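Number of protein chains: 2
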Amino acid sequence: MTQTFDIAVIGATGTVGETLVQILEELDFPVGTLHLLASSESAGASVPFRGKNVRVREVDEFDFSKVQLAFFAAGPAVTLSFAPRATAAGCSLIDLSGALPAEQAPQVVPEANAHVLDGLRKPFQVGSPSPCATHLAVVLAPLRGLLGIQRVSVTASLAVSAQGREAVSELARQTAELLNVRPLEPKFFDRQMAFNLLAQVGTPDAQGHTALEKRLVHELRVLLDLPLLKISATCVQAPVFFGDSLSVSLQLAGPVDLGAVNRVLESAPGIELVEEGDYPTAVGDAVGQDVVYVGRVRAGIDDPAELNLWLTSDNVRKGAALNAVQLAQLLIKDLA
Amino acid sequence: MTQTFDIAVIGATGTVGETLVQILEELDFPVGTLHLLASSESAGASVPFRGKNVRVREVDEFDFSKVQLAFFAAGPAVTLSFAPRATAAGCSLIDLSGALPAEQAPQVVPEANAHVLDGLRKPFQVGSPSPCATHLAVVLAPLRGLLGIQRVSVTASLAVSAQGREAVSELARQTAELLNVRPLEPKFFDRQMAFNLLAQVGTPDAQGHTALEKRLVHELRVLLDLPLLKISATCVQAPVFFGDSLSVSLQLAGPVDLGAVNRVLESAPGIELVEEGDYPTAVGDAVGQDVVYVGRVRAGIDDPAELNLWLTSDNVRKGAALNAVQLAQLLIKDLA
Numbered sequence: 001m002t003q004t005f006d007i008a009v010i011g012a013t014g015t016v017g018e019t020l021v022q023i024l025e026e027l028d029f030p031v032g033t034l035h036l037l038a039s040s041e042s043a044g045a046s047v048p049f050r051g052k053n054v055r056v057r058e059v060d061e062f063d064f065s066k067v068q069l070a071f072f073a074a075g076p077a078v079t080l081s082f083a084p085r086a087t088a089a090g091c092s093l094i095d096l097s098g099a100l101p102a103e104q105a106p107q108v109v110p111e112a113n114a115h116v117l118d119g120l121r122k123p124f125q126v127g128s129p130s131p132c133a134t135h136l137a138v139v140l141a142p143l144r145g146l147l148g149i150q151r152v153s154v155t156a157s158l159a160v161s162a163q164g165r166e167a168v169s170e171l172a173r174q175t176a177e178l179l180n181v182r183p184l185e186p187k188f189f190d191r192q193m194a195f196n197l198l199a200q201v202g203t204p205d206a207q208g209h210t211a212l213e214k215r216l217v218h219e220l221r222v223l224l225d226l227p228l229l230k231i232s233a234t235c236v237q238a239p240v241f242f243g244d245s246l247s248v249s250l251q252l253a254g255p256v257d258l259g260a261v262n263r264v265l266e267s268a269p270g271i272e273l274v275e276e277g278d279y280p281t282a283v284g285d286a287v288g289q290d291v292v293y294v295g296r297v298r299a300g301i302d303d304p305a306e307l308n309l310w311l312t313s314d315n316v317r318k319g320a321a322l323n324a325v326q327l328a329q330l331l332i333k334d335l336a
Numbered sequence: 337m338t339q340t341f342d343i344a345v346i347g348a349t350g351t352v353g354e355t356l357v358q359i360l361e362e363l364d365f366p367v368g369t370l371h372l373l374a375s376s377e378s379a380g381a382s383v384p385f386r387g388k389n390v391r392v393r394e395v396d397e398f399d400f401s402k403v404q405l406a407f408f409a410a411g412p413a414v415t416l417s418f419a420p421r422a423t424a425a426g427c428s429l430i431d432l433s434g435a436l437p438a439e440q441a442p443q444v445v446p447e448a449n450a451h452v453l454d455g456l457r458k459p460f461q462v463g464s465p466s467p468c469a470t471h472l473a474v475v476l477a478p479l480r481g482l483l484g485i486q487r488v489s490v491t492a493s494l495a496v497s498a499q500g501r502e503a504v505s506e507l508a509r510q511t512a513e514l515l516n517v518r519p520l521e522p523k524f525f526d527r528q529m530a531f532n533l534l535a536q537v538g539t540p541d542a543q544g545h546t547a548l549e550k551r552l553v554h555e556l557r558v559l560l561d562l563p564l565l566k567i568s569a570t571c572v573q574a575p576v577f578f579g580d581s582l583s584v585s586l587q588l589a590g591p592v593d594l595g596a597v598n599r600v601l602e603s604a605p606g607i608e609l610v611e612e613g614d615y616p617t618a619v620g621d622a623v624g625q626d627v628v629y630v631g632r633v634r635a636g637i638d639d640p641a642e643l644n645l646w647l648t649s650d651n652v653r654k655g656a657a658l659n660a661v662q663l664a665q666l667l668i669k670d671l672a
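Each protein sequence line maps, in turn, to chains A and B. This note's numbering puts the first residue of the first sequence at 1, with every later residue one more than the last. This note's numbering puts the first residue of the second sequence at 337, with every later residue one more than the last.
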């Protein structure tokens, strides 16, 4: 008989939480009892799991000693409120909110720095990084040894689903209003999102950087174990429902061997390299898939020490929910 | 009495050609007779100018000795076919297609390198660069003296209107099909364009670069008079009707003085700098305007020698038609 684990998912009604439950089922994760939790507004809803509807209950009232592992898939404030209670009850946790400091819950992407898990003590606390950092780490970690990466410049065009269901509905609503030539009144976004690009996601700090951009830079340095890596990050809101697209330019210590880069990308886990001349897109390729798609692999125009890439991946699935479940798969051997 | 000039516009029925005619009227350009020309398929249509509909005629049959200046706003093949006939007839020309080599028709953006015009002989031949290079040159030229620009990394998200009317209709059609949950059959684009980003515009060469990206790099070096400038360029097709958005990261020789950068951008011609914390977008700001909007001016995270900018501008107007008319305004003093 296989050993099972009792699991809690906090934020179970959100886009990431619901996908996480679905992936636990798809990957046949050894779940004993599944406890779905949310804030009081969302409690009472139900989410399907293994052919049954599981009722979502209030996280406030939950006894964390009932589970061995909790996924925190709600916002940073929820993690900060309930993580201490979980660990005090002996429950290990995987946080997707970015709320916990790296010393407390190191950020891990299995394809990049799984070895960090070996140094942890129970109850485990691990961070699942932001989708953009996760995608970049999956692709850059296997190339790290081959390339002397000096600098990364990334423009990430993010799907509205990163901001939850309300943002998805708002893009659909705005688009329909415009196509029907009705007046547009932006609600969720501060202006027209349909057929437009918004240059920032969230409010920038006094230096002009958004929290998402700072999180991306900080997490990518940790995941690649390159604490001094120079990273220029711009996160943009695109009129796309699902799937992030990243335009990446790397500066290297010397000329790039494109043949070797392609061979590494072809064989590395978690990556799908598209054929030369083709390119991957969010819709049609990445959405619903468990890999980061890579295309447009090319050196610079007149600069052999530059490597350019285009990445696209499912922000909710590969960028968040799947990474968290992959972390859980690595942790459970020591959870018993 | 003001002197007038007889003018031809080739490609008068295209998005750029039609806007160009409109701008000639708006700016009260001293047009005597306006000849609108196009290929045989588009001949017969008419375009409004000064309250009248001007009939579009076949370029094949046109006698270029009737005009002092011709705008070539059709594709490169049309320029290559008819530019020699125009100059042989003593007609000066402004080419928007990028077809003519720089030695024959130097690329000029008035805000960046107007002085190049002084060295030309009649009949004048001048190139109006691609919209992306034009936008970048308007913003980077006045900063060139202040910053030791070592490298430019740009991801340009282009509006579908850059590919003409058919692309605009196709984005609208695809979007409507999707919102009505009808099956999508891509026609103009090779896949779903609605709610998606396409990683390349046109077919890449053997090295992976598209013609548009190579044109951007080449033209920007010429416009800034920095022939060895390292430029990483990625041109992406966005589901946006009008207005290009550029995410730009510059590496500088030393720490950036943001106060000085902001002062230069505030006073330079052709630029609208948005307030700190705000950001400009294609829809709502740039479209229909005669300036390049600049926002998100910030140094790097932990790198004071990095400068990041977000530019957005009307690709058809400021990026093409208006620049060509501005060039004509500078040339006419010597055309008489």
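Hints should not be assumed to be uniformly reliable.
To be verified - Taking lysine-lysine and the DSS-like style, the derived pairs with C-alpha atoms no more than 30 Å apart in a straight line are:
hint, chain 1, residue 1, chain 2, residue 2
1, B, K669, A, K230
2, B, K550, B, K388
3, B, K566, A, K214
4, A, K52, A, K333
5, B, K550, A, K230
6, A, K214, A, K230
It should be emphasised that the hints constitute simulated quantities derived from the structure, not laboratory data. Nothing here was measured: the structure is a model prediction, and the numbers come from that model.
* To do: Return the numbers of the hints above that this structure violates; sort them in rising order.
  => Violated hints (numbers, rising): 1 and 2; every other hint is consistent with the structure.
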